[in-house]
Amino acid sequence: MKDMTIHNNTTIALNDIPKLNYDNFMEGNLGLLSEKPERHCVLYFGCREDELLRLICCLADDETHLIHISSSLVNPSTVLPSFTAQNANFEKFERELHENFGLKYADHPWLKPLRYAYNRLDLSQTVENYPFCQSESEELHEVGVGPIHAGIIEPGHFRFICNGEQIMHLEIQLGYQHRGIEQLFLEKKKLLERTTLAENIAGDTTIGHTTAFVNLWESLCGFTPDRSLSFARTLAQELERIAIHTGDLSGVCTDIGYQLGHSVYGRLRTPIINFMQEWSGNRFGKGLIRAGKINYPFTPELAERLQAILKAYEPDFDEITEMFFHLLSTLSRMEKTGVVSYEKVLEIGTVGMSARMSGLNRDIRTSHPYNLYGSTIVHEPILKHHGDVYSRVQIRKQEIKQSIGYIRTLLENVPEFPKTENPILTAGGDIFVLSLVEGWRGEICHAAITDASGNLIVYKIKDPSHHNWMALAEAVQNNEISDFPICNKSFNLSYSGHDL
Amino acid sequence: MSSNIKIMWHQGKQYIPDVTTAKVPGIFRGRPVISTVKVNEDMLVDLCPTHAISANPICIDLGKCTFCGECAILFPEKIFFAKDCKLATNQRSRLIVREGEDQPVTLNPNMVRDEIRRIFGRSLKLRQVSAGGDNSCEMELNATNNVNFDMSRFGIDFVASPRHADGLVITGPITANMAEPLERCYNAVPNPKIIILAGTDAISGGIFADSPALNRDFLSRHTIDLYVPGNPVHPLTFINGVLSLLRK
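Protein sequences appear in the order of chains P and C.
For the first sequence, the positions run 3 to 502 when the numbering used here is used.
For the second sequence, the positions run 2 to 249 when the numbering used here is used.
Take the hints with a grain of salt, since some may be wrong.
Straight-line alpha carbon distances no greater than 25 angstroms define the calculated DSS-like cross-link-like pairs of lysine-lysine that follow [claimed, not checked]:
{"#": "1", "chain 1": "C", "residue 1": "K7", "chain 2": "P", "residue 2": "K403"}
{"#": "2", "chain 1": "P", "residue 1": "K338", "chain 2": "P", "residue 2": "K295"}
{"#": "3", "chain 1": "P", "residue 1": "K313", "chain 2": "C", "residue 2": "K24"}
{"#": "4", "chain 1": "P", "residue 1": "K399", "chain 2": "P", "residue 2": "K386"}
{"#": "5", "chain 1": "C", "residue 1": "K126", "chain 2": "C", "residue 2": "K39"}
{"#": "6", "chain 1": "C", "residue 1": "K84", "chain 2": "C", "residue 2": "K126"}
{"#": "7", "chain 1": "P", "residue 1": "K313", "chain 2": "P", "residue 2": "K399"}
{"#": "8", "chain 1": "C", "residue 1": "K7", "chain 2": "P", "residue 2": "K313"}
{"#": "9", "chain 1": "P", "residue 1": "K313", "chain 2": "C", "residue 2": "K14"}
{"#": "10", "chain 1": "P", "residue 1": "K191", "chain 2": "P", "residue 2": "K295"}
{"#": "11", "chain 1": "P", "residue 1": "K21", "chain 2": "P", "residue 2": "K38"}
{"#": "12", "chain 1": "C", "residue 1": "K7", "chain 2": "P", "residue 2": "K399"}
{"#": "13", "chain 1": "P", "residue 1": "K421", "chain 2": "P", "residue 2": "K295"}
Everything labelled a hint here was simulated from the structure, so no lab data went into it.
Owing to the predicted nature of the structure, the values given are computational and were not obtained by experimental measurement.
Please put together the full structure from these sequences, using the hints given.
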């Protein structure tokens with residue numbers, strides 16, 4: 003197949019993306035993925051060109067560190083063969099194309115609404131009448147949960163089909179959080195507005211999504227960030243990883259009913275996010291990451307402070323972790339609960355922790371490095387092989403320790419932060435750019451296309467949850483319904499990042 | 002057992018003894034203070050991503066402000082954010098901070114309904130609804146009950162069912178897809194009941210205010226008892242806000 007390869011955060015002229023006829027486009031992309039676990043689809047989306055629709059497919063190759071791009075111009079009213087029938091990686095991408103542009107597929111196995119975007123084509127499909135999978139059996143019963151859940155979490159609906167206590171099938175209906183972010187990126191023209199939007203895609207991944215946006219925006223404007231900016235973004239990302247992973251361990255303890263773990267991990271998260279507060283004035287780092295500048299330089303005093311915080315954090319973390327990972331009562335709830343096999347994660351195409359839990363090595367920090375990854379920090383992904391709750395919890399434990407190590411490496415050489423002024427950033431015309439970031443959940447992908455005068459005409463956002471929700475549905479199959487909360491927490495996927 | 006006690010001992014005292022006087026560590030962009038210095042007002046107004054700043058006189062609407070702090074960085078002689086974390090009030094207009102005024106944000110005591118203090122003064126159970134919230138406000142509301150902030154000590158708790166609740170705490174800009182579930186949840190709460198809006202997104206829609214994907218009709222049909230600004234709300238802002246509503 004004639005395709006083109008680029009690196010993370012490099013721009014290409016829109017016209018250089020090869021245009022293929024749909025058959026070659028489909029055969030070529032599926033061929034590239036066939037029998038190649040190191041390759042997966044990071045983004046597949048549509049862009050209107052007059053009456054036609056241009057489909058653009060981006061496949062990442064983790065070994066060559068390249069991203070293959072190709073496109074095809076189709077008429078949205080023709081019926082097409084689906085990619086999904088042969089490769090489930092494309093399941094959500096094609097549902098999105100169907101929902102937003104009305105693309106029809108002859109053989110898509112699961113062509114249901116995805117997020118009920120306000121600008122979807124068929125407004126008769128509403129969030130109230132989602133076509134759930136149902137069973138005729140008199141032996142089985144259904145359990146509906148949500149959209150509003152018992153805890154303080156985001157909304158989404160889970161529909162279980164159960165045989166007694168055992169879950170036979172889980173279907174997850176999302177879309178309740180849809181705020182129309184991708185469209186707002188096009189309508190809001192000011193950089194600060196767009197940065198604020200990026201910060202609010204998923205508040206638990208403020209640093210991850212905002213870094214993806216600013217890296218993309220700087221590439222689009224031909225601006226090369228100096229070491230201090232890359233340093234701040236890398237450091238903030240590892241802090242975010244520690245904070246959220248610690249909070250998740252607390253959450254898993256809650257769902258097991260292990261009160262001591264819940265309290266200790268919960269309070270250990272506090273000094274980390276309070277450090278974000280000290281540095282940036284916000285516990286989640288909102289306001290910290292900016293394109294071309296930084297409003298809150300990282301000072302040697304902050305470095306000293308952070309060293310002290312980590313020094314106090316580590317022994318307390320190790321102590322409770324030693325306990326938590328050796329109690330029979332906690333282990334028996336986590337081991338062999340919510341298992342997803344290597345074959346299954348490969349089939350679904352999960353990313354980040356939800357891939358590494360089953361031995362599938364997917365980590366953008368190694369495969370498509372950005373900021374200080376690949377230079378100051380040479381990342382070694384942490385892999386587990388059982389794909390159960392225990393594997394997911396172990397990854398968090400080890401990644402926290404790893405991130406602490408990375409932060410100490412970073413702090414050995416804190417760059418001088420020059421006084422920043424508002425740089426003049428002008429986006430280039432007729433450009434395509436793609437930015438990948440490894441957030442704490444996994445791979446975040448932002449992509450943009452500009453018109454001849456540099457205006458955004460497409461802005462695409464993909465949270466790792468886009469791929470990973472299906473893994474949760476797989477994980478709970480044949481488990482008891484009472485284990486659903488712990489399975490859900492061990493994934494901790496984003497509703498707002500999915501619904502946009 | 003002995004190692005459990007050792008772990009507990011090693012945690013030391015984590016709770017904040019008095020949340021009403023506690024200070025947020027480090028820098029905190031709380032209540033803005035606007036000086037009467039003359040600056041390029043058009044530039045200042047144009048700067049704000051959520052149109053929270055208006056001119057003649059220069060005002061900042063805390064219900065729209067995302068507390069990004071950009072205005073204080075570019076116009077340091079005009080605006081600075083004080084560390085004051087008590088930002089909640091029951092009257093929407095009291096969230097507007099004017100230039101030259103350096104007053105704390107307070108409740109309007111005349112607007113607090115009688116039954117609130119009488120019935121909920123010593124026990125308030127809340128049901129939280131995220132309606133397009135980005136999960137940062139939700140995490141901060143969870144944090145109000147962790148070992149540091151420990152809001153339950155005041156008899157204020159989040160409960161699982163609206164049937165057990167005395168009111169709703171809404172986060173997020175209220176998406177069209179959540180409008181119906183939110184209304185149904187409100188209807189399931191027994192009377193008398195209160196509504197608290199937590200965070201900039203809930204109060205004004207924040208950065209999403211112009212999005213056609215929202216449906217904020219709920220707010221025009223019901224009385225709001227407390228507005229808690231922040232992006233996200235800080236746990237101290239929330240706890241102090243609710244306490245000021247419940248107690249004199």
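Right, here's what the structure says about each hint:
| no. | hint | verdict |
| --- | --- | --- |
| 1 | K7(C) x K403(P) | 22 angstroms, holds |
| 2 | K338(P) x K295(P) | 47 angstroms, violated |
| 3 | K313(P) x K24(C) | 24 angstroms, holds |
| 4 | K399(P) x K386(P) | 12 angstroms, holds |
| 5 | K126(C) x K39(C) | 47 angstroms, violated |
| 6 | K84(C) x K126(C) | 29 angstroms, violated |
| 7 | K313(P) x K399(P) | 17 angstroms, holds |
| 8 | K7(C) x K313(P) | 19 angstroms, holds |
| 9 | K313(P) x K14(C) | 18 angstroms, holds |
| 10 | K191(P) x K295(P) | 19 angstroms, holds |
| 11 | K21(P) x K38(P) | 24 angstroms, holds |
| 12 | K7(C) x K399(P) | 21 angstroms, holds |
| 13 | K421(P) x K295(P) | 9 angstroms, holds |
Of the numbered hints stated above, those contradicted by the structure are hints 2, 5 and 6, listed in ascending order.
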